[in-house]
Every structure is written in structure tokens, then in C-alpha cells.
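Undergrad: Please model the entire structure based on the sequences and the hints provided.
Going from the sequence shown to my numbering is simple: count from 1 and add 36.
Everything labelled a hint here was simulated from the structure, so no lab data went into it. It is possible that part of the hints are untrue.
[Claimed, not checked] Within a straight-line C-alpha distance of at most 25 Å, the following computed SDA-like cross-link-like pairs (lysine to any residue) qualify:
1) K179 to V74
2) K151 to D170
3) K165 to V175
4) K90 to A162
5) K179 to A189
6) K69 to A98
7) K165 to T71
8) K165 to R106
9) K188 to V113
10) K165 to T180
11) K112 to R73
12) K165 to E102
13) K89 to E78
14) K90 to R105
15) K179 to E78
16) K89 to A137
17) K69 to L116
18) K90 to A152
19) K165 to K90
20) K90 to T79
21) K145 to L190
22) K151 to Y104
23) K145 to A131
24) K89 to M161
25) K151 to F135
26) K89 to A189
27) K112 to K145
28) K145 to P117
29) K188 to P117
30) K188 to A173
31) K90 to T180
32) K179 to Y104
33) K89 to T154
34) K90 to K145
35) K151 to A111
36) K165 to T154
37) K89 to L118
38) K90 to F139
39) K179 to T71
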Amino acid sequence: MRPFTRHGRLRVTGAVTTLVLGLLGTDLAAQTKTTDRVRNIETAAAAIAAIQKKSGSEGAFAAIDECYRRELASAKVLTLPLEACMAQDIIVSQAAAAFYARFPPMAQKSDTVLKAMTSRVTGTMARFKVPEDDSRAFVAIVKTQGMAAYGKAL
Numbered sequence: 037m038r039p040f041t042r043h044g045r046l047r048v049t050g051a052v053t054t055l056v057l058g059l060l061g062t063d064l065a066a067q068t069k070t071t072d073r074v075r076n077i078e079t080a081a082a083a084i085a086a087i088q089k090k091s092g093s094e095g096a097f098a099a100i101d102e103c104y105r106r107e108l109a110s111a112k113v114l115t116l117p118l119e120a121c122m123a124q125d126i127i128v129s130q131a132a133a134a135f136y137a138r139f140p141p142m143a144q145k146s147d148t149v150l151k152a153m154t155s156r157v158t159g160t161m162a163r164f165k166v167p168e169d170d171s172r173a174f175v176a177i178v179k180t181q182g183m184a185a186y187g188k189a190l
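TA: Structure, rendered in C-alpha cells:
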């Protein structure tokens with residue numbers, strides 16, 4: 037069998053087509069997951085910024101606690117709504133810690149806020165056995181796109 041047709045086009049067998057489509061489908065699925073994740077994080081960041089503007093840090097942390105309570109009650113796997121809770125937790129905790137760090141008498145509170153947030157987020161990731169690479173990717177998106185969306189919404 038010749039690999040090219042008489043018109044000069046490459047002839048692709050069924051097995052090769054299946055392989056190529058499978059690889060493209062896997063890449064497309066990964067891109068869609070990342071796009072959905074980024075959009076979810078940005079939406080969560082804007083939502084928590086609105087709550088923080090209206091109710092301050094206490095209101096934002098109360099909303100985050102309620103989010104965890106609601107989402108963890110029924111989650112069997114790590115869901116986008118649960119990722120939104122974690123994204124909000126990271127964002128508000130980072131912002132609060134940065135604020136406290138500017139005032140030497142409150143610097144210890146900065147560490148306390150970050151340790152508590154780290155415990156919640158890593159505990160949630162561990163509960164659902166999220167691979168370390170995926171956890172790192174999530175946190176990186178939160179710290180870049182999530183924080184940017186939060187800043188823009190404020």
C-alpha cells in the first residue's frame with residue numbers, strides 16, 4: 037500500500053486516525069479542564085472580593101467556612117465548587133497575611149493565618165487524593181490568575 041494517494045495527500049489508516057484523534061482528544065480534555073479551572077478560580081476570586089468589600093475579612097472568612105462546610109458535606113471527589121472554596125481561602129488568607137505582615141505587632145497573626153489556610157487546603161487535597169502535580173498547578177493558577185481577578189474586583 038502506498039502512503040500517498042495519486043493527488044499527493046497522505047493516506048491515513050484507521051489505526052493511525054484513532055491514535056491521532058485519541059492524542060488530540062486527551063490534549064483537548066486537559067485544555068478544557070484547565071480552562072474550566074481558571075474560569076472557576078477567577079469567578080470565585082471576584083465573588084469573594086465582593087463579599088470582602090461588603091463585609092470585610094471576617095465576612096469573607098465566614099463565607100469561606102460556609103463554602104467548605106457545604107461542599108465537603110457531599111463531595112466524593114474534588115469538584116469545581118470545592119476548588120472555588122480552596123481558591124477563596126488561599127486568596128483571602130494571602131491578602132490578610134500580607135496586611136498583618138506590614139505591622140510588626142501583628143506579624144505572628146500573619147503566620148497563623150497562613151498555617152491555618154495551608155492545613156485546610158492540603159487536608160482537602162489529601163482527602164481526595166489529588167496528585168501533587170495537580171495540587172501545585174491549582175495553587176499556581178490561584179496565585180496568578182486568581183489573585184489578579186481578586187485585585188481587579190476590589
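Undergrad: Please go over all the hints and tell whether each is borne out by the structure.
TA: Status of each hint after checking the structure:
no.	hint	in the structure
1	K179 to V74	11 Å, holds
2	K151 to D170	21 Å, holds
3	K165 to V175	16 Å, holds
4	K90 to A162	33 Å, violated
5	K179 to A189	15 Å, holds
6	K69 to A98	29 Å, violated
7	K165 to T71	22 Å, holds
8	K165 to R106	20 Å, holds
9	K188 to V113	31 Å, violated
10	K165 to T180	24 Å, holds
11	K112 to R73	18 Å, holds
12	K165 to E102	22 Å, holds
13	K89 to E78	17 Å, holds
14	K90 to R105	22 Å, holds
15	K179 to E78	11 Å, holds
16	K89 to A137	21 Å, holds
17	K69 to L116	10 Å, holds
18	K90 to A152	24 Å, holds
19	K165 to K90	35 Å, violated
20	K90 to T79	17 Å, holds
21	K145 to L190	23 Å, holds
22	K151 to Y104	17 Å, holds
23	K145 to A131	12 Å, holds
24	K89 to M161	29 Å, violated
25	K151 to F135	15 Å, holds
26	K89 to A189	9 Å, holds
27	K112 to K145	33 Å, violated
28	K145 to P117	28 Å, violated
29	K188 to P117	21 Å, holds
30	K188 to A173	22 Å, holds
31	K90 to T180	24 Å, holds
32	K179 to Y104	20 Å, holds
33	K89 to T154	24 Å, holds
34	K90 to K145	23 Å, holds
35	K151 to A111	24 Å, holds
36	K165 to T154	16 Å, holds
37	K89 to L118	22 Å, holds
38	K90 to F139	24 Å, holds
39	K179 to T71	16 Å, holds
Violated hints, listed in ascending order, are 4, 6, 9, 19, 24, 27 and 28; each of the other numbered hints is respected by the structure.
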